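There are 2 protein chains.
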Amino acid sequence: MELIDGNQSIATDDCLSTAVGEPLSRKEAETLATALKAVADPTRLQLLSMISGSPSSEACVCGLTEALDLTQPTISHHLKVLVDAGFLTRDKRGRWAWYAVVPDRLDVLRSLLP
Amino acid sequence: MELIDGNQSIATDDCLSTAVGEPLSRKEAETLATALKAVADPTRLQLLSMISGSPSSEACVCGLTEALDLTQPTISHHLKVLVDAGFLTRDKRGRWAWYAVVPDRLDVLRSLLP
DNA sequence: ACCTCACATAGATGACTGTCTATGCAATAT
DNA sequence: ATATTGCATAGACAGTCATCTATGTGAGGT
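Chains Z and Y supply the protein sequences, listed in that same order. Quick note: the first sequence uses my numbering, first residue 1, plus one each step. Quick note: the second sequence uses my numbering, first residue 115, plus one each step.
In case anyone wonders, no lab produced these hints; they're calculated from the structure. Small disclaimer: the values here were computed from a predicted structure and weren't measured. Misleading hints may appear alongside valid ones.
Taking lysine to aspartate or glutamate and the EDC-like style, the derived pairs with C-alpha atoms no more than 16 Å apart in a straight line are [stated by the list, open to error]: (1) Z/27 with Y/205; (2) Y/151 with Z/41; (3) Y/141 with Z/58; (4) Y/194 with Y/205; (5) Z/92 with Z/58; (6) Y/151 with Z/22; (7) Z/37 with Z/84; (8) Z/37 with Y/180; (9) Z/37 with Y/144; (10) Z/27 with Y/144; (11) Y/141 with Z/41; (12) Y/206 with Y/172; (13) Z/80 with Z/107.
Covered stretches of chain Y (in silico footprint by chain Z; criterion: 3 or more residues with CB under 8 Å from a CB of chain Z, positions within the stretch not fixed) [claimed, not checked]: (14) 146-155; (15) 173-184; (16) 189-201; (17) 213-225.
Quick reminder that beta carbons are idealized off the backbone N, C-alpha and C, glycines included.
Please build the complete structure, drawing on both the sequences and the hints.
Okay, structure coming up:
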């Protein structure tokens with residue numbers, strides 16, 4: 001074991017300073033990861049950007065399906081994921097379902113990133 | 115087709131306002147989704163929080179493995195994912211590999227969220 | 001030289017995910 | 001009443017992922 005300035009060691013038997021910061025609790029980490037997973041998909045990111053960029057920040061499935069070269073059930077599936085994760089709300093009006101972004105949900109996500 | 119005030123319609127054959135905002139380009143969306151996927155895992159979030167909370171914002175695998183009830187190869191795997199995605203750097207010193215957080219990488223991610 | 005230790009890599013496996021087709025349902029139009 | 005339309009749900013399938021055990025590698029210690 002070779003010492004330098006009496007404190008720091010370059011090569012030693014032990015790692016020393018195995019001390020690491022307290023991790024995020026497993027439960028917090030899982031909650032945050034679940035929210036991130038909902039957003040970590042290219043199609044869902046496109047959906048969010050399209051809806052938030054729409055006239056009244058809402059859009060129906062028809063327009064979204066036309067813009068994204070995917071089948072309507074696939075779009076519906078992604079929208080459901082975003083609703084379940086709290087990023088969108090769904091409002092059925094007549095024959096159409098209108099989706100709107102939940103205003104501060106993404107900001108909350110941003111603030112929770114470590 | 116029933117009209118109200120000559121412009122807005124409550125019930126009509128067409129959705130009207132199928133106009134949606136321009137989506138994020140597919141390529142941008144995929145790049146962002148790839149970065150988000152790297153972070154959207156509870157174990158990797160815990161690793162990030164532990165490393166950034168460590169004395170000199172760096173930690174070696176030994177300490178991380180002890181804290182997270184997972185096998186060492188699994189921790190190594192997650193660390194590699196984070197390095198590949200640009201969230202961590204790896205510095206091999208002697209027998210130990212020290213991982214450090216890339217300072218502004220998470221901020222970039224935050225700013226890219228739609 | 002040889003052994004030990006810290007970490008990485010390889011391969012296997014069960015679980016999850018994104019997409020599709022097929023179908024159901026409720027609201028509107030005829 | 002019946003047909004049509006917009007959307008959701010169900011089920012199937014291929015690809016990806018998180019984890020494990022087993023093994024390789026390179027630096028240090030003896």
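Hint-by-hint comparison with the structure:
1. Z/27 with Y/205: Not satisfied, since the Cα-Cα distance of roughly 30 Å exceeds 16 Å.
2. Y/151 with Z/41: holds, 8 Å
3. Y/141 with Z/58: violated, 24 Å
4. Y/194 with Y/205: holds, 12 Å
5. Z/92 with Z/58: This hinted pair holds, its Cα atoms lying about 12 Å apart.
6. Y/151 with Z/22: Roughly 23 Å between the alpha carbons, so the hint for residue 151 of chain Y and residue 22 of chain Z is violated.
7. Z/37 with Z/84: Holds, at roughly 12 Å.
8. Z/37 with Y/180: This hinted pair is violated, its Cα atoms lying about 26 Å apart.
9. Z/37 with Y/144: Judged against 16 Å, a Cα distance of about 14 Å means the pair holds.
10. Z/27 with Y/144: Roughly 28 Å separates the two Cα atoms, so the pair is violated.
11. Y/141 with Z/41: The hint holds at about 12 Å.
12. Y/206 with Y/172: holds, 12 Å
13. Z/80 with Z/107: violated, 20 Å
14. 146-155: holds (count 7)
15. 173-184: holds (count 8)
16. 189-201: As far as the region 189-201 of chain Y goes, the hint is violated, because 0 residues have Cβ atoms under 8 Å from chain Z.
17. 213-225: Per the Cβ count (3), the hint holds.
In terms of the numbered hints stated before, the structure departs from hints 1, 3, 6, 8, 10, 13, 16, listed from lowest to highest.
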